[in-house]
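These protein sequences, in sequence, are chains A and B.
At position 75 of the first sequence (counting the first as 1) the number is 75 in the working numbering, and the numbers step up by one without a gap.
At position 26 of the second sequence (counting the first as 1) the number is 26 in the working numbering, and the numbers step up by one without a gap.
Possibly wrong hints are sitting among the right ones.
[Said to hold, decoys possible] With a straight-line cut-off of 25 angstroms between C-alpha atoms, the simulated SDA-like cross-links for lysine to any residue are: (1) B:LYS10 to A:LEU91; (2) B:LYS250 to A:TYR31; (3) B:LYS190 to B:PRO219; (4) B:LYS239 to A:THR143; (5) B:LYS239 to A:LEU119; (6) B:LYS52 to A:VAL20; (7) B:LYS249 to A:ILE32.
Rather than coming from a laboratory, the hints here were simulated on the basis of the structure.
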Amino acid sequence: MINSILRYGLIFILLMLLQVLLFNNIEFSGYINPWIYIMFILLLPCEISSWLLLIIAFFTGLTIDLFCGSLGMHASATVLAGFVRPHVMRLISPRDGYEPGSDPSMIIYGFKWYLIYTLTIVLIHHTALFYLEVFRLTDFFRTLLRVILSSLFSITFIILLEYARKGK
Amino acid sequence: MRNLLNFLAKYNNLIIFLILEGIAIYLLSTGNNYHNSRVVKGIQGVTRGVEKRISNTRSYFRLREINQELAAENTSLKSTVEKLKNKEDLLFFSVSDTIYHQQYTYTSARVIDNSVNKQKNFFTIDKGEKNGLSVDMAVTSAEGIAGVIVGCSENYSVAMSLLNLDFRISARIKSNGYFGSLNWDGRDFKYAMLSEIPQHVPVSVGDTIETTGFSAIFPEGIMIGTVYNFENPGGNFYKIEILLKTDFKKLYFVNVLGNMQKEEQIELEELFQ
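Make the full structure from the sequences, and use the hints.
Right, here's the structure in full:
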């Protein structure tokens, strides 16, 4: 128990540092800014209770908010992602269900499953985030383009990180 | 009672979700106004230290470039001083009381946190109320305008960058004096849009755009950028794209300008509204 709290705490800090120090400084034009910290919500254990997931999601978003000076924006998008995660997992569950005590990782459930899982949650998170950021519907399609391009980059980086984490 | 408990047990996740989402939206609606948020001020002290360290590291890698910029600014200041000296040497020695005529105060500051990739960008500078800064002061870089201060703590200030959808400033074409309103369209950090310039005005690519000083925040005649592209969308006004002079991606040394006669101007203007 203590061991896994420590492990996830470490992953949390690493992801936050990666996001704040590296990915926040990446800009390819105004259209692409990847938010990879959402990976923390993706890699929590399959059997985590929903309420704990929601609370963790809230504080993950709030931490990013403090660094970006956008109080509430990431918190709200991440809580949404945390809320839909159990539903997404139920929808795309593999034929024999999830193994008890496992992580939703690529090595166990395969690349295709992981891709669909990441794609759905990242898209939901980014859509909420970018529309909350502009907070208006003018330039609807431009924001949509930003959502899609940024999601593509986030997903790519998350999958690469997942390979680095598990795929040895 | 049991029904109520059953209901809560059944929908507890939805309820937690709604509560957390409510808190987040509440923070979002109150917290992003930098001036009236105590929450942000209180908590940001924690992240400030980290940001300052990052900025220090980054500036170390850019020392050569920063030196060149400072040297260039120095040269231009020296040449201005030389010009003024020559004026004094003419015929009479005149005493000009600068204190009475000084309208703007200048404070130099360093940018410790900045972004260009959001829709509403802000940057943080390392001077605050202690150094005489206050809300609504103008921030300029060596090349042109940069933003307006929206919040001050004792040692730091947060400024709304020109790259913010809420930023608006009155700007004019230097060659003919026609003025319009300038704002950023959220696309590229190198360009801004100038609107409300009527179509009979001659505009050409490369025209200089500067501030008008109508707002009592920016002094008159500060460089903003040059006309990059303009089109005729069919209404009464041009749609002009401005290439910004300030490079927001490497904003580092800035000047903060306080207008000492701002209250006077605003009071007078309010009398007639």
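(request) Mind checking the alpha carbons of LYS249 of chain B and ILE32 of chain A for me, to see if they're no more than 25 angstroms apart? (result) The given pair, whose Cα atoms are some 15 angstroms apart, holds under the 25 angstroms limit.
(message) Please verify whether LYS239 of chain B and THR143 of chain A have alpha carbons no more than 25 angstroms apart.
(response) Holds - the C-alpha atoms of THR143 of chain A and LYS239 of chain B are around 21 angstroms apart, at most 25 angstroms.
(message) LYS250 of chain B and TYR31 of chain A were given as a pair; does the straight-line alpha-carbon distance stay at or below 25 angstroms?
(response) holds (19 angstroms)
(request) With a cut-off of 25 angstroms on the C-alpha distance, tell me whether LYS10 of chain B and LEU91 of chain A pass. (result) holds (20 angstroms)
(request) Sort out whether LEU119 of chain A lies within 25 angstroms of LYS239 of chain B, counting only the CA atoms. (result) violated (38 angstroms)
(message) Checking one constraint from the list: CA of LYS190 of chain B to CA of PRO219 of chain B, max 25 angstroms. Satisfied?
(response) It holds: about 22 angstroms lies between the C-alpha atoms, which stays within 25 angstroms.
(request) Take a quick look at whether LYS52 of chain B and VAL20 of chain A sit within 25 angstroms of each other, Cα to Cα. (result) holds (13 angstroms)
The structure shown violates just one earlier hint, number 5.
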